[in-house]
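Work the whole structure out from these sequences, hints included.
In the order they appear, the protein sequences are chains A and B. For the first sequence, the numbering used here gives the first residue as 23, with consecutive numbering after it. For the second sequence, the numbering used here gives the first residue as 362, with consecutive numbering after it.
These are calculated hints, taken from the structure and not from any lab test. Be aware that a few hints might be false.
[What the hints assert, rightly or not] Taking beta-carbon pairs under 8 Å as the criterion, some of the chain A residues facing chain B (in silico):
{"hint": "1", "residue": "LEU27"}
{"hint": "2", "residue": "PRO32"}
{"hint": "3", "residue": "VAL41"}
{"hint": "4", "residue": "PRO42"}
{"hint": "5", "residue": "THR44"}
{"hint": "6", "residue": "TRP45"}
{"hint": "7", "residue": "ALA51"}
{"hint": "8", "residue": "ILE114"}
{"hint": "9", "residue": "GLN115"}
{"hint": "10", "residue": "PRO116"}
{"hint": "11", "residue": "TYR123"}
{"hint": "12", "residue": "LEU125"}
{"hint": "13", "residue": "VAL133"}
{"hint": "14", "residue": "HIS163"}
{"hint": "15", "residue": "ILE164"}
[Unchecked claim] The calculated lysine-lysine pairs, modelled on DSS-like cross-linking and capped at a C-alpha distance of 25 Å, are:
{"hint": "16", "chain 1": "A", "residue 1": "LYS36", "chain 2": "B", "residue 2": "LYS365"}
{"hint": "17", "chain 1": "B", "residue 1": "LYS437", "chain 2": "A", "residue 2": "LYS36"}
{"hint": "18", "chain 1": "B", "residue 1": "LYS365", "chain 2": "B", "residue 2": "LYS437"}
{"hint": "19", "chain 1": "A", "residue 1": "LYS36", "chain 2": "A", "residue 2": "LYS63"}
{"hint": "20", "chain 1": "A", "residue 1": "LYS127", "chain 2": "A", "residue 2": "LYS157"}
{"hint": "21", "chain 1": "B", "residue 1": "LYS381", "chain 2": "A", "residue 2": "LYS36"}
{"hint": "22", "chain 1": "A", "residue 1": "LYS74", "chain 2": "A", "residue 2": "LYS63"}
{"hint": "23", "chain 1": "A", "residue 1": "LYS140", "chain 2": "A", "residue 2": "LYS127"}
{"hint": "24", "chain 1": "A", "residue 1": "LYS140", "chain 2": "A", "residue 2": "LYS157"}
[Stated by the list, open to error] Each pair of labels, with its calculated beta carbon distance range:
{"hint": "25", "chain 1": "B", "residue 1": "GLY460", "chain 2": "A", "residue 2": "ASP129", "range": "53 to 61 Å"}
{"hint": "26", "chain 1": "A", "residue 1": "GLU95", "chain 2": "B", "residue 2": "ASP445", "range": "18 to 26 Å"}
{"hint": "27", "chain 1": "B", "residue 1": "VAL479", "chain 2": "A", "residue 2": "ARG153", "range": "41 to 49 Å"}
Where is the CB? At the ideal position from N, CA and C, for every residue including glycine.
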Amino acid sequence: MTDWLREVEPLTLKGQIAVPYTWWAGDTASRFFTALRDEGKILGTRCPECRKVFVPARRSCSRCFVEMDQWVELPPEGVVETFTIVRYAHPIQPAEPPFAYVLVKLDGADVSFLHIVKKDLQDLGVGRRVRAVFKEKRDGHILDIDAFEPVGEH
Amino acid sequence: MMGKAAIVGVAQTKYERRKKDQIFADLVFDVTREALADAGMTIDDIESVVTVSNDFFDGRTISGMAVGDACGGQDKNISTVSGDGTFGAFYGLMRVLSGFRTTLVVAHYKGSEGSVPVTTNGMFDPLFHRLLGMDAV
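Now the structure itself:
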């Protein structure tokens with residue numbers, strides 16, 4: 023570092039970019055989020071060609087490049103495929119650490135679903151059964167699921 | 362068209378916390394001169410320039426353009442694009458293979474000035490994933 027800068031507090035300029043966005047959920051995600059909000063249901067879509075079930079619901083199959091217009095209701099339960107525990111805090115996080123990010127293969131789905139686990143982290147592990155806990159007041163976004171939590175025995 | 366290309370000089374900024382005495386154009390200026398020295402070349406030996414960067418990290422749009430002068434791009438065929446260093450290296454390779462005798466590639470990033478969690482959270486899908494707070498720390 024330049025010597026004279028060691029003797030002083032270097033000049034900085036504070037700034038922030040806060041750009042407002044309005045993301046339209048579109049036809050497919052709107053159905054997914056309204057079902058989550060109004061009925062507490064998790065919806066997926068099935069590919070008419072490879073028969074794989076995707077969740078959250080999406081319109082096109084990434085493998086077959088065809089439209090997926092078959093809707094499937096998935097149970098709020100599944101198996102942890104992988105997870106990581108977060109031990110640092112940051113304002114963007116939806117929960118106080120420690121909490122875990124989990125990829126859950128919901129029963130009947132062919133892809134895993136990203137969400138969080140907030141309690142009983144000591145019971146978490148690959149292959150562990152977990153269940154979605156829905157918020158009482160739901161707003162039509164992914165945090166209408168408050169978190170997943172481990173269920174049953176190890 | 363030529364069939365071969367070679368990397369003839371490299372330089373890398375020392376990674377360290379903050380670097381209070383250098384803005385990112387300073388980093389680019391110094392590392393460009395180091396790379397030229399490593400190659401035994403001067404800026405006059407350079408025919409084309411590629412800069413790669415990420416606007417979200419720099420906090421400004423067209424951030425690659427902001428270092429054009431610092432990397433000696435004035436009056437040269439310069440392409441300033443969004444990307445990482447690996448992309449820049451391959452883009453530079455393509456430019457050499459398509460006829461430029463020499464291409465200088467510079468990639469810059471000064472993550473200490475922004476918020477890496479907020480910026481990398483922006484990688485995630487705004488509808489399904491971003492509210493979960495994922496980042497790439």
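In rising order, the numbers of the hints this structure does not comply with: 3, 4, 5, 12, 13, 16, 17, 19, 26 and 27
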